[in-house]
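Participant: Put together the whole structure using the sequences plus the hints.
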Amino acid sequence: MLLLGLFVSTPKAVARGDSAEESEAEEQVRIPNNGAVIRIVSPADGSVCPAGMEVEICVELELFALGHAGNHWHISVDGEPWSMIIDDRLNEVLYGLAPGEHLIEVLLADGEHRDLEEGDAVVVAVQ
Numbered sequence: 001m002l003l004l005g006l007f008v009s010t011p012k013a014v015a016r017g018d019s020a021e022e023s024e025a026e027e028q029v030r031i032p033n034n035g036a037v038i039r040i041v042s043p044a045d046g047s048v049c050p051a052g053m054e055v056e057i058c059v060e061l062e063l064f065a066l067g068h069a070g071n072h073w074h075i076s077v078d079g080e081p082w083s084m085i086i087d088d089r090l091n092e093v094l095y096g097l098a099p100g101e102h103l104i105e106v107l108l109a110d111g112e113h114r115d116l117e118e119g120d121a122v123v124v125a126v127q
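Numbering-wise, this note's numbering puts 23 at position 23 of the sequence shown, and it's gapless, one number per residue.
Certain hints may be false.
DEER-style ranges, computed between Cβ atoms [unchecked claim]:
1. 99 x 79: 32 to 42 Å
2. 110 x 50: 27 to 37 Å
3. 34 x 99: 18 to 28 Å
4. 28 x 123: 17 to 27 Å
5. 90 x 69: 14 to 24 Å
6. 29 x 50: 35 to 45 Å
7. 112 x 61: 17 to 27 Å
8. 98 x 34: 34 to 44 Å
9. 113 x 78: 17 to 27 Å
10. 32 x 99: 33 to 43 Å
11. 125 x 69: 15 to 25 Å
12. 28 x 51: 26 to 36 Å
What the hints contain is simulated information worked out from the structure, not anything from laboratory work. For glycine and all other residues, C-beta sits at the position ideal for the given N, C-alpha and C.
Facilitator: Following this line, the structure appears as structure tokens:
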């Protein structure tokens with residue numbers, strides 16, 4: 001599932017004349033993890049993936065119930081939103097990563113799409 005439209009400009013930001021980037025920064029509220037943990041199990045940091053192949057992201061969680069009260073997790077690639085996993089899956093396949101190094105980040109999120117402060121990240125190379 002492709003993540004689209006997660007960050008929107010607020011009327012207040014538009015009235016002030018803020019740019020879309022400033023509005024996005026204003027909307028990206030992070031909340032404490034309160035013991036919840038998301039950890040990338042695979043791929044390992046520094047992995048090399050063949051170009052044209054999918055990259056499967058597998059995570060494990062602690063003290064976080066997916067689906068409860070809208071809880072879910074997000075994947076970002078190179079700082080850009082990529083996927084939002086809203087069911088109880090602990091994996092997601094990324095298609096179409098361009099050749100080169102990519103930073104893959106995962107964050108837990110609540111039902112209001114607020115990311116928790118601490119997530120996990122790996123760097124993979126697509127060759």
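Participant: Against this structure, judge whether each hint is valid.
Facilitator: Hint check results:
no.	hint	verdict
1	99 x 79: 32 to 42 Å	violated, 18 Å
2	110 x 50: 27 to 37 Å	holds, 36 Å
3	34 x 99: 18 to 28 Å	violated, 39 Å
4	28 x 123: 17 to 27 Å	holds, 22 Å
5	90 x 69: 14 to 24 Å	holds, 18 Å
6	29 x 50: 35 to 45 Å	holds, 38 Å
7	112 x 61: 17 to 27 Å	holds, 19 Å
8	98 x 34: 34 to 44 Å	holds, 36 Å
9	113 x 78: 17 to 27 Å	holds, 20 Å
10	32 x 99: 33 to 43 Å	holds, 38 Å
11	125 x 69: 15 to 25 Å	violated, 37 Å
12	28 x 51: 26 to 36 Å	holds, 31 Å
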